[in-house]
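In case you want the letters, here they are:
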Amino acid sequence: MPSVWSQYSEKVMEHFKNPRNVGEMESPDGVGHVGNPVCGDIMELYIKVDNDIIVDAKFKTFGCGAAIATSSMVTEMVKGKSIEEALQISNRAVAEALDGLPPIKMHCSVLAEEALKSAIEDYLAQSKRKEANRDE
Amino acid sequence: MGRIYLDYAATTPTHPDVVKAMLPYFTETFGNPSSIYSYGQEAKGVIEEARAKVADFIGARDEEIVFTSGGTESDNFAIKSVAFANESKGNHIITSSIEHHAVLETCKFLGRKGFLVTYLPVNEYGLVDPGDVKKVITDKTILVSVMHANNEVGTIEPIAEIGKITKEAGIYFHTDAVQTVGHIPVDVDALGVDLLSISAHKLYGPKGVGALYIRKGTKLLPFMHGGEQERRRRASTENVPGIVGFGKAVELAQHDMGQEAERLTYLRVQLVKGLLERIDHVRLNGHPVMRLPNNANVSVDYVEGESMVLNLDLEGICVSTGSACSSSRLEPSHVLLAMGLSHEQAHGSLRFTLGKWTTEEEMGRVLEVLPRIVARLRAMSPLLKSTRKRGEDA
Numbered sequence: 001m002p003s004v005w006s007q008y009s010e011k012v013m014e015h016f017k018n019p020r021n022v023g024e025m026e027s028p029d030g031v032g033h034v035g036n037p038v039c040g041d042i043m044e045l046y047i048k049v050d051n052d053i054i055v056d057a058k059f060k061t062f063g064c065g066a067a068i069a070t071s072s073m074v075t076e077m078v079k080g081k082s083i084e085e086a087l088q089i090s091n092r093a094v095a096e097a098l099d100g101l102p103p104i105k106m107h108c109s110v111l112a113e114e115a116l117k118s119a120i121e122d123y124l125a126q127s128k129r130k131e132a133n134r135d136e
Numbered sequence: 137m138g139r140i141y142l143d144y145a146a147t148t149p150t151h152p153d154v155v156k157a158m159l160p161y162f163t164e165t166f167g168n169p170s171s172i173y174s175y176g177q178e179a180k181g182v183i184e185e186a187r188a189k190v191a192d193f194i195g196a197r198d199e200e201i202v203f204t205s206g207g208t209e210s211d212n213f214a215i216k217s218v219a220f221a222n223e224s225k226g227n228h229i230i231t232s233s234i235e236h237h238a239v240l241e242t243c244k245f246l247g248r249k250g251f252l253v254t255y256l257p258v259n260e261y262g263l264v265d266p267g268d269v270k271k272v273i274t275d276k277t278i279l280v281s282v283m284h285a286n287n288e289v290g291t292i293e294p295i296a297e298i299g300k301i302t303k304e305a306g307i308y309f310h311t312d313a314v315q316t317v318g319h320i321p322v323d324v325d326a327l328g329v330d331l332l333s334i335s336a337h338k339l340y341g342p343k344g345v346g347a348l349y350i351r352k353g354t355k356l357l358p359f360m361h362g363g364e365q366e367r368r369r370r371a372s373t374e375n376v377p378g379i380v381g382f383g384k385a386v387e388l389a390q391h392d393m394g395q396e397a398e399r400l401t402y403l404r405v406q407l408v409k410g411l412l413e414r415i416d417h418v419r420l421n422g423h424p425v426m427r428l429p430n431n432a433n434v435s436v437d438y439v440e441g442e443s444m445v446l447n448l449d450l451e452g453i454c455v456s457t458g459s460a461c462s463s464s465r466l467e468p469s470h471v472l473l474a475m476g477l478s479h480e481q482a483h484g485s486l487r488f489t490l491g492k493w494t495t496e497e498e499m500g501r502v503l504e505v506l507p508r509i510v511a512r513l514r515a516m517s518p519l520l521k522s523t524r525k526r527g528e529d530a
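Protein chains in written order, with my numbering: chain L, 1 to 136; chain R, 137 to 530.
Do not rely on the hints blindly, as some may be mistaken.
Quick list of the computed label-pair ranges, beta carbon to beta carbon [what the hints assert, rightly or not]: (1) C454(R) to S27(L): 29 to 37 Å; (2) G138(R) to E24(L): 36 to 44 Å; (3) N18(L) to T147(R): 30 to 38 Å; (4) K343(R) to P102(L): 18 to 26 Å; (5) E241(R) to K117(L): 34 to 42 Å; (6) V55(L) to W493(R): 49 to 57 Å; (7) E121(L) to E260(R): 38 to 46 Å; (8) V55(L) to G476(R): 39 to 47 Å.
In silico negatives: residues of chain L with every beta carbon more than 10 Å from chain R [unchecked claim]: (9) K11; (10) E26; (11) H33; (12) D41; (13) G63; (14) G65; (15) S127.
By construction, these hints were calculated from the structure, which means they are not laboratory data.
Ideal placement from N, C-alpha and C gives every residue a C-beta, glycine not left out.
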């Protein structure tokens, strides 16, 4: 096998080749949708929350190798974390967990962080609505 | 199966016969062509032989060929040297929106220096309309530069028609023929061009050498100042081994170009047909017929180019993409966007360019591997889902 794209770390390539948690989720508790076709990366991230703990995460991504690897990594990182802990995950932490990204690809890790935040916001908004419904 | 190289438009391997022809000029006949003793004069002799070969190949006179360091230099040379030499006559330059960056960036530079540049649009196939050239010519127009064939999508432009218009208007006409010389017939008089750029490493010659054809009587400034080389138009000690290799590559091309074009057209047609059959939502980019024999450019919906290129590379197949993600520009191919493709389609493009060592077996391997890769990437594409949803809603 020829050696591939020295710009990516082995870890990035490993997550690119075998991405974790790919696919849609049946009745997720939160969905994050970020990115746009102009820049070429679109991420969708789904979370399942039980008792304030993220018990499952899945993603779908249209994007380059780094976009797929960061999506895969961020879904791995959030599992088992509380909402508060998950909100602390920064793009830098995702990139570091992948042994770094080329500078030009750092925006992919930003997108992963945004996708996670957006999914959590969606979850919080939904639980607020549910609470309001219960109160009525 | 070893690695499969399908990026001949990026560069070609140097032909073994070319390397063999070059070797003596590194260590044996190493002299500086400007020296008057035998070593120098021998080197000078072989440069003139190579010049004659290149000139003959494109229907030019020997003295109309200037050796350069390659396509980018030739484009810079042609455009800047004509622009600055003809400033008193006018400051308007016409080019197309799908040129190579070597032309586009040079024109943008001139735009910042007070020149006025018109970037002509193209149609869905990437064709420039000669009528558009005629329409935008003013009494200030000094130069038109339109590429012979596009490097990304392979569309061959109506250069001869544009040439008639520029000749009638008395305007200099340059074409970047980097993708065509050595692959399809090129004749400077038939095309009606005054300047034409060539690069050796696109026709199995070495990197770092090329040529600019300059029609006799063209008013232009020297590109490099220094010694008397290249009739004072381009100073610098000549790249003797490179020029010899260039000459040899031209000689080889002259011999097998016709046959090779036929063979590559067959393989390319098979490849495109196979891709369209085996993968749905795939479209061919560029003109269906008026295109380079060896170029197949397709857009694969719902998947991004770099992730396809990476996956193909893991299978030992080397191709390129017009996706932003593969470059440092973070913008998808300007060529595909100019042709009216959406950003998604431009990001999902793949370019296969075939060459001398491409086989039918290799095409088969691509057709076996790519559908699998696309299916896998589509399974993780959020674009596909939302499209399906829209379909269901309707």
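Verification of the supplied hints:
1. C454(R) to S27(L): 29 to 37 Å: Roughly 43 Å apart at Cβ, these two residues miss the hinted range, so it is violated.
2. G138(R) to E24(L): 36 to 44 Å: holds, 39 Å
3. N18(L) to T147(R): 30 to 38 Å: holds, 32 Å
4. K343(R) to P102(L): 18 to 26 Å: holds, 25 Å
5. E241(R) to K117(L): 34 to 42 Å: holds, 38 Å
6. V55(L) to W493(R): 49 to 57 Å: holds, 54 Å
7. E121(L) to E260(R): 38 to 46 Å: Distance hint for E121(L), E260(R) holds at roughly 41 Å.
8. V55(L) to G476(R): 39 to 47 Å: Since the Cβ atoms of V55(L) and G476(R) sit about 46 Å apart, the hinted range of 39 to 47 Å holds.
9. K11: Check passes; 15 Å lies beyond 10 Å.
10. E26: holds, 13 Å
11. H33: violated, 7 Å
12. D41: violated, 8 Å
13. G63: Violated, because the least Cβ-Cβ distance between G63(L) and chain R comes to about 5 Å, which does not exceed 10 Å.
14. G65: violated, 5 Å
15. S127: Consistent with the label, S127(L) stays out of reach of chain R, its closest Cβ about 24 Å off (over 10 Å).
In this structure, the earlier hints numbered 1, 11, 12, 13 and 14 are contradicted, and the remaining ones agree with it.
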